[in-house]
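Chemist: Each chain is listed here by its residues.
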Amino acid sequence: MADMVNVYLFGKKYEVPASLTIMEAFEYSGYQLVRGCGCRNGFCGACATIYRIKGETELHGCLACSTKVEDNMYVATLPFFPLEKKVYDINQIKPTEQIMMQLYPEIYSCVGCNACTKACTQGLNVMQYIAYAQRGEYEKCAEESFDCVMCGVCSARCPAGISHPQVALLARRLTGKYLKPEAKHLTERVKAIENGEFDALVEAIMDKPLEELKELYNNREIEK
Amino acid sequence: MSLPYTQEMLDSIKKVEAGRSARVNGPEPRRMTADEKDALLQKFHPDYNTSSFEEIKVGPNKGQKAPKELVEMLQANSRIKDMDINLKDPDFDVDVLVIGGGGAGASAAIEANEGGANVMIVTKLRIGDANTMMAEGGIQAADKENDSPAQHYLDVMGGGHFANVPELVRKLVCDGPSAVNWLDHLGVLFDKDENGNMITTHGGGTSRKRMHAAADYSGAEIMRVLRDEVINRGIPVVDFTAAIEIIKDTEGKAAGAVLMNMETKELLVARAKTVVIATGGAGRMHYQGFPTSNHYGATADGLVMAYRAGAELLYQDTLQYHPTGVAFPAQIYGALVTEKVRSMGAMFVNREGEVFMHPLETRDVAASGIIRETKERGLGVHTPVADGVWLDTPMIDMIHGKGTLEKRLPGMLRMYMRYDIDMREVPIVVYPTLHYQNGGIKIGVNGMSGVENLYVAGEAVGGIHGRNRLMGNSLLDIIVFGRNAGQQASKKCKEVELKELTLSHVDAFEKMLDEAGLHNDLVSPKLLPDYRPQGVTRLN
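Protein chains in written order, with my numbering: chain A, 1 to 224; chain B, 1 to 540.
Next comes chain B alone, as it looks inside the complex (with noise of 0.2 angstroms):
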C-alpha cells in the first residue's frame, strides 16, 4: 500500500513541509477585516453566482429568488396528482405526527412523548439515517466562565450577515446550555476532563472556545442515544416510509400527511392533530453541480411539502459551502472535514507552501478564499479528481502532541486511512463541499410555520442562522429547535379538534401552476437522488 498522490502532489508537500515549523511556531495569519471578506464574498460565494437561481414563479414566496434546482422540485408535480387519495379511513391516527428520523426528529418525539401526547414518527430511510449522524465537530454552548448567551448572540448574527431572526438566536443561544445538559443526562459521551469540565474548543467565528464534542463522532453519538432513546420509550417508527403530502383539513389547519412506502410504493395517510417537519437539508439537490457532505436522502422534501401546503420559505437562496470538503481521493470525493481539524490547528496552505487565510474565518469567507485560491490566483492543488488547497494535517500533532489527532480525530484518520493516505504524516487536498441549507421554512419562536399547526424543526427552517451557519450551531439547532417543537406540538394537539381532511390545497396549487403556465414532467418531493448511469434505457 503506498500514498495514492502524484509526484506533481509530492514536489509540492516538499513546500508545505518547509515552512511547517515556522507555522507551528509563529503567530496567528491575520483575519480579515469586514471589508475585505464582503468583497471577497460578493466576488466568489456561490450564493452570489447569479446566474444559479431563478425566480420561483407561484407561491408565497413568488417573485423571490432560489436555486433553479429548488424552484424545479418547488414547482413540479405533486406525487399523486389526479389520484383521488381515501382520507376518510386513514391507516395511522395520531396526536403528533413527526416527519423525519433525524437529531430534530427524535428530539422532537421524545419532547411530545414527554409532554404526553401520542406521537409517531415516518421516516424515508432508517431513523438516524440523517445528516446529524454525520456532523463530526460538535455543538456549542455557552457554559463557561469567560462566555455567556450574549456573547454567543453576538458570534450567531455576526456569522450570519445579521440577516438572522433575533428571536430564534435568542432562543438558540439561551437554550444552549440546557440543551447540551439534556444531552449529556440522557447519557451523551462528551469529551470531558477528569473533573467533568467540558473539554472546549473554537470553531470558524466563534469568539469563546464553546465547541463541546464527542471526539469527532459528535452527531453520531448523539444520533444514537436519542435513537436509543426514541426507542426505549417505545414511540412507534414507521421507517422506509415517505410523507409526500400535507394533509390539511377545511379550517386550513394541518392535519396529518399521505406517506409511501419507499419499497413497495403502497400509499398511506396518517392523520394527526399536529404536525413536525423534521425532514432536514438539501444537499443531494447538487446546487451548481457541487458534491455534497450529505446524507442520501438530503433532497429538500419538507420545504416542497410545506410550500404546497402554503408555508413561506425564508432565506432559501442561502446555502453554505463548507470549505473543507474532501478533493481527493475519488471515493470519498465531497465528504467532510471536520472544521475542528482546524480547531486544533491545521491551517490551508496553497501548492507553493504558502498560508493564505486564517484557518478559522467563518465558513463562507472560507470556501471562498479557497474558490479564490484555485480559480483566481491559480494556486490550487491539482490532482486527478479536482483542484483545491493543502489542510495541513501534520501540524496537530505538532502542536499537541503526538497521538492527539488520533484521539481526538479518529474518524476523520480512519476515512483517510481506508485510502492509504496517513493525515498524521501527510496533509490533505480540500475544496468546497455542499454542506447545510442555511435557510428553509420560516418559523415563529413556538416552531410553528405560516400553516396553522404544522412545526418545523432543524435544518429545514430557515431564519435562525441567518446567511450562514457558524459550526455547531447546527447540531445545537436540532437539538433546541427539536425538543421545542415537541414541546409546543404535545401541548397545542390536546386543544386541536381536527375537522374533515382534504388535500385541496394541492389541488388549487397544480391550478396556480397551470395558470403561470408551468409545466414539467417532474414530480417531487424527489425522496432521493439517481446516481445510475444516464443514456441506458430501461423500463420502469
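So here's chain A without its partners, still in its complex pose (with noise of 0.2 angstroms):
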C-alpha cells in the first residue's frame, strides 16, 4: 500500500496517495475536472490555489498541477479571479509613466505589504515588479515578471486591488514593441519575401525531382 495522507478538499477529507499532486488528489477523489485545471504542468495559471496545513496560520498560493500534497492540507481552488484588465491599442499607446497612471493606478496605492510576492505559485518579486511599473522601468517590470502565469493569487491576496499580472503584461508589451532594439536583419528579410527577391530560390527547390531533393537534404551543409 502506498503512503497515504489526509488532504480537505474544500473542507472535505479525502486519504489519497502521499506521491499525488493536489491536481491528481482532486481526481483520485472522484472529481472530473472542468474548472481548474489546464496544461497541467506549471505554464497556464488554470489551477490556482490556495492551502493551508491543518495548526499553521500561514496561507500558501501554489499550482494545484504542480504541488503535492500534504498531510492535513486544507486546499481550495481558485479556478478564477477577477482581475481588472484594462483595453488599449497598442499601436496608440507609449512607453511612459503616464500610461500606467491612466490605466492602472492603483498600482500606487500599494501599501508594501508583500503579500502578492509571497504568495506568488512562480516565486517571483512581485511586489518589486510592481514598484518598477510604478516609476516606469517597464524593461525591469518585464524581465522581473516573465515566468508570470497569470493564475491571480497575488491579485487574490492584494489589499490594493492591483491586478498584478495584468500590469506586468501591459509592461512586457510595451518593452517587447517599443523599448527593445529593432530586429533589423527580420524587417530587411521581410521586405526582401515581399519584394518577391526569394521567388526563384523557393521555386527552383520546390521544382526538383524527388530524388535530387533527398540528395540536397542528406548532404545538406549544417551550420555549426
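These aren't lab readings, by the way, just hints derived from the structure by calculation. Fair warning: there could be bad hints in the mix.
Stated by the list, open to error - Going by beta-carbon spacing under 7 angstroms, a handful of chain B positions derived as facing chain A:
1. ALA34
2. TYR153
3. PRO166
4. VAL188
5. ARG208
6. ARG418
7. ARG532
Glycine included, C-beta positions come from ideal geometry on N, C-alpha and C.
The task is to assemble the complex, starting from two chains supplied on their own in separate frames and drawing on the hints.
Modeler: So, in C-alpha cells, the structure goes:
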C-alpha cells in the first residue's frame, strides 16, 4: 500500500497517496475536472490554489498541477479571479510613466505589505515588479515578471486591489514593442520576401525531382 | 530536501559525470545516415507499430489506417444523436466562428477582426488553455543572413520525410519572417541581443540556427500577448463552451456549430458565414498508452466534427512522440523537456555513461533511438516510474558559462526544482512522450478544408509537416496558418449567403455507421479525458 495522507478538498476529508499532486488528488477522489485544470504542467495558470496546513497560520498560494499533497492540507482552488484588465490599442499607447497612471492607477496605492510576493506560485518578486511599473521602468518590470503564469493568486491577496499580472503584461508588451531595439535583419528579410527576392530560389527547390531533393537534404551543410 | 534519485541512479550518474568534460570539449557525436535512420524508425517508432492502428470503416478516409483510439472516436455516436435541435433561432449569429482559443484560434480571430468581420471565439476551456501555452523551445523563421526560405523548405521537407504538401510548406517558410515580425510588433518579448538581433539556435533537424525564443516560455509569451490582443479588440470569447457538431446549410456549406456549455450542459446554436476549426491536437487520447506533454483539452475534437461534416483527413496515422518527456519523477511524468535543452548542448547518455546518438536528430529519429537504447539494448536508466535515458543537463553551464541554464531555461529549472532535482547539478531522465498530431484535416493553401467555408488552422491541420514535424515549426504554423484562415474566412464571409441550417450530415453519418454494422456506446467528440479511478460505482 502506498503512503497515504489526509487532504481536505474544499474542507472535506479524503485519503490519497502521498505522491500525488493536488490536482491528481482531486481526480483520485472522484472529481472530473472542468474548471481549474489546464496545461497540467505549470505554464497556464488555470489551477491557482490556496492551502493551509492544519495547525499553521500561513496561507500558501500554489498551482494544483505542480504541488504535491501534504498531510492535513486544507485546499481551496481559485479557478477564476476577477482581475481588472484595461483595454488599449498597442499601436496608440507609448511607454511613458503616464500610461500606467492612466490605465492602472491603483498600483500607486500599494501599501508594501508584500503579500503578493509571498503568495506568488512562481516564486516571483511581485512587489518589486510593481515598484518598477510605478516608476515607469518597464524593461525591469518585464524581466522581473517574465515567468508570470497569470494565475491571479497575488491579486487575491492584495489589499490595494492591484491586478498585478495585467500590469506586468502591459509592461512586457510595451517593452517588446517599443523599448527593445528593432531586429533589422528581420525587417529587411520581410521586405525582401515581399519584393519577391526569394521567389526564384523557392521555386527552384520546389521544382526538383524527389530524388534530387533527398540528395540535397542528406548532404546539406549544417551550420556549426 | 534531498535529491529523490535511487542509489542505482546515483551510481549511474558517476559514470555520466566521468565522461562529461570529454563530451563538452570533444567533437560532436556522429549523425546517422539516411539508411540508418530509416531502419531505426521502422523498427522502433510507434507509428510503425501496426497492431495499434485500425482501418477506418466509413467516411472520406474509408479504408485508411488511424490509431485505434481515434478510429473509435470517428465512429462513435454524435452527442446530439436523435435530438431535435432548433436551428431556426440561433443563440449567436456571426460572420466568422472560430472554434478553439489557442494560438491558431486567437491569430485567426485577430485577423478576421482586422478584416472587418464580426468574429467570435468559442473554446471549451479558457482562451489560452492550449498546447500553444506549453510550447517552450521556440519558433522557426529564416530571417538570418546565411538562411533563406528555400533552406527552411529543405529542412521541413526532409524532416517530414518528403510527405509534406509542398504548397503548404512554401507558405509556412515564406510567411515565417512576417509571422515573427507580426508577433514582435504586438510586443512579444523575443530573446534579442543589445543590437536587436534575434538570438537564434538550432532545433533537431535544422541546418541553420533559426529558432527564435522567449526564454523557455516561448509559447506562453506568444499566447498571453495574443490573448491580450483579442481582449483589447473586443472580440467576444465564449469560454467553457465546446463545439460538438458543425452545422451546415442546405447547400452543404459550413454554417455554424452546435455548442455545449461545459458546466451547465446547455446546448446552444451558433450560426456563422464561415467557420474556423482551431481545436488543436490529440495528446490526451493517449495513443498506445503513452503519457503526453499536451494540454488537458487535446482530444482531437476538431477532427471528429470535421470528419462527420465530410472533410477528409490527411496523415491521421502519424503522431509525434517527443523524445524528451519526463520519465521521473511521477508528478510530472510525460511532461515536456524542451528540445532547447539539447539545442544548448545537453546530450543523451545511457546508463553506462555512453553517448548513443547525436542530440539533435529529428524528433522521430531521436525518440526511436531512445526506445532502442532502453528496449533492445537494455542500457536505459531504471527509475521507480519508468525507464529512460539520461539527458546530461549540467553540460549546458559548462559550455556556455554558469548561470546560462537559469537564464535561458527558467521554466525547466523551476519544474524540476519543485521536486528537488537541480538540473544544473545532476542529469535528468527522459523517455518519449506523445507530443503532436502530425496529421489532421486536409486543407488547401487558402486554409479551407474539403467542406466549403470550413477553414482549419493549427495542429488540427494535416499535411504541413508531412510525417514528422520539426521543433519550432508548430508555433510558426499556428501563426502563419491561423492568420491566413482568419484573413480568408473574413474575406469569404462577405460573399456568403446562408441558406437554411441543417444537421442532416450528422444523421447521414449515423446511417453510414449503421449500414457498416458499427455500433458502440461511446459518444464523441471526447472533449476531456477522464482520470478518475476506474471500478468505482457512481451515478452520472
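Chemist: The structure should be examined with respect to each hint, and the outcome stated for every one.
Modeler: Hint check results:
Hint status for ALA34(B) relative to chain A: holds, with the closest Cβ pair at about 5 angstroms, below 7 angstroms. Interface restraint check for TYR153(B): the shortest CB-CB distance to chain A comes to about 6 angstroms, inside 7 angstroms, so the restraint holds. Using the Cβ-Cβ criterion of 7 angstroms, the hint placing PRO166(B) at the interface with chain A is satisfied: the shortest such distance is roughly 6 angstroms. Taking 7 angstroms as the C-beta cut-off, the interface hint given for VAL188(B) holds, the closest approach to chain A being about 5 angstroms.
Proximity of ARG208(B) to chain A holds as hinted, the smallest CB-CB distance being about 5 angstroms (cut-off 7 angstroms). Evaluation of the ARG418(B) hint against chain A yields a held restraint, the C-beta minimum of about 6 angstroms falling below 7 angstroms. Taking 7 angstroms as the C-beta cut-off, the interface hint given for ARG532(B) holds, the closest approach to chain A being about 5 angstroms.
Hint violations for this structure: none, all hints satisfied.
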